[in-house]
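Participant: The chain contents come next:
There are 2 protein chains.
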Amino acid sequence: MKKFEEKTVTTDLKYTGRIITLQVDDVLLPNGKQGKREIVKHPGAVAVIAVTDDKKIILVEQYRKALERSIIEIPAGKIEPNEAPELTAMRELEEETGYTCNDLRYIQSFATSPGFADEIIHLYLAENIVKMENPADLDEDEFVELLHVSLEDMEQMVISQKIFDAKTAFAYIWLKDYLK
Amino acid sequence: MKKFEEKTVTTDLKYTGRIITLQVDDVLLPNGKQGKREIVKHPGAVAVIAVTDDKKIILVEQYRKALERSIIEIPAGKIEPNEAPELTAMRELEEETGYTCNDLRYIQSFATSPGFADEIIHLYLAENIVKMENPADLDEDEFVELLHVSLEDMEQMVISQKIFDAKTAFAYIWLKDYLK
Chain A
3 MKKFEEKTVT TDLKYTGRII TLQVDDVLLP NGKQGKREIV KHPGAVAVIA VTDDKKIILV
63 EQYRKALERS IIEIPAGKIE PNEAPELTAM RELEEETGYT CNDLRYIQSF ATSPGFADEI
123 IHLYLAENIV KMENPADLDE DEFVELLHVS LEDMEQMVIS QKIFDAKTAF AYIWLKDYLK
Chain B
3 MKKFEEKTVT TDLKYTGRII TLQVDDVLLP NGKQGKREIV KHPGAVAVIA VTDDKKIILV
63 EQYRKALERS IIEIPAGKIE PNEAPELTAM RELEEETGYT CNDLRYIQSF ATSPGFADEI
123 IHLYLAENIV KMENPADLDE DEFVELLHVS LEDMEQMVIS QKIFDAKTAF AYIWLKDYLK
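For the protein sequence lines, the chains are A and B, in the order given.
Each number in my numbering corresponds to the 1-based position in the first sequence with 2 added.
Each number in my numbering corresponds to the 1-based position in the second sequence with 2 added.
Certain hints may be false.
Which copy? The list can't say, so a pair holds if one copy fits it or any two copies do.
Under the rule of at most 20 Å between Cα atoms (straight-line distance), these lysine to aspartate or glutamate pairs were calculated in the DMTMM-like manner [stated by the list, open to error]:
no., residue 1, residue 2
1, Lys133, Glu147
2, Lys178, Glu157
3, Lys5, Glu142
4, Lys58, Glu129
5, Lys35, Glu70
Hints are computed from structural coordinates only; laboratory data are not their basis.
The whole structure should be built from the sequences, with the hints applied where relevant.
Facilitator: Put into structure tokens, the structure is as follows:
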């Protein structure tokens with residue numbers, strides 16, 4: 003998995019933030035020349051496809067400042083330092099939806115933007131979900147609205163682009179196969 | 003699509019690069035408090051699911067410095083200034099694979115990392131593809147290896163995580179339905 007490897011010559015850290023950092027690497031290209039790579043470092047995230055016993059999918063609508071609009075997504079969130087992804091999945095499910103689950107299954111992982119970022123999302127399926135009496139709160143800068151939708155509703159949301167992110171688009175076509 | 007809108011109080015540009023810029027916005031949250039959003043601006047991209055007449059899918063292996071490994075992806079690339087996404091699709095297909103196509107169909111668009119970036123990928127299906135005699139060259143810092151794979155090969159690549167990015171994972175399960 004090192005084909006066409008680009009060895010790092012120098013790394014120049016340009017910005018360190020609360021969530022992401024940005025660095026520019028000078029790299030040695032496979033042809034011996036040098037190139038520059040702008041790289042955003044991100045702690046990684048988990049996303050949860052949560053399905054109720056009557057086959058409704060739990061989604062959250064939230065404002066995404068980067069896009070300057072609200073979109074509808076599967077529950078998701080950043081991995082905290084030293085947190086196992088399974089625990090992130092359970093925590094985000096609880097914080098964002100007020101549900102917990104008795105069956106959590108790993109589906110797969112993927113990079114979201116390999117051209118400029120190292121963010122990896124780990125995707126889980128949550129079944130046998132149960133509403134909690136006193137779920138943990140959202141982060142203080144998070145505001146979400148909960149939706150319970152059928153697969154047909156989800157299809158309409160893809161068509162109307164209310165579902166407009168990669169992980170949720172993936173979840174929709176994954177569920178089309180899983181729930182049929 | 004403005005639910006829970008976060009109005010911009012100030013924007014602080016932290017880094018301007020060749021491909022991306024990074025800014026930190028102070029925003030007014032729905033509860034009246036202020037928050038900070040770290041935002042990466044990206045020109046947007048196009049990705050192409052290219053299928054040969056004998057139902058092979060054309061993939062490219064390339065090194066992704068952000069991930070420090072090579073991964074296998076559907077052909078994709080950044081939208082140039084004022085370039086229509088359909089033209090980006092045709093250009094990237096030609097540059098990365100040496101093919102052109104007679105049928106190009108828009109599938110859908112999605113944000114790749116709405117939590118911290120505005121990158122949007124427009125996804126196309128290319129059919130009736132034809133090898134070109136003198137295709138345009140890759141960018142001088144791009145090195146890719148071409149693969150022609152069956153849907154079954156693609157599944158193994160997902161399992162082995164050689165396919166490890168969101169758009170290509172999406173392409174695989176979209177093709178599972180389309181090619182059956």
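Participant: Take the hints in turn and mark each one as holding or not.
Facilitator: Taking the hints in turn, this is what the structure says about them:
no. : hint            : result
1   : Lys133 / Glu147 : within (15 Å within a copy, 49 Å between copies)
2   : Lys178 / Glu157 : both (9 Å within a copy, 17 Å between copies)
3   : Lys5 / Glu142   : between (44 Å within a copy, 17 Å between copies)
4   : Lys58 / Glu129  : within (11 Å within a copy, 35 Å between copies)
5   : Lys35 / Glu70   : between (39 Å within a copy, 18 Å between copies)
The earlier numbered hints are all upheld by this structure, with none contradicted.
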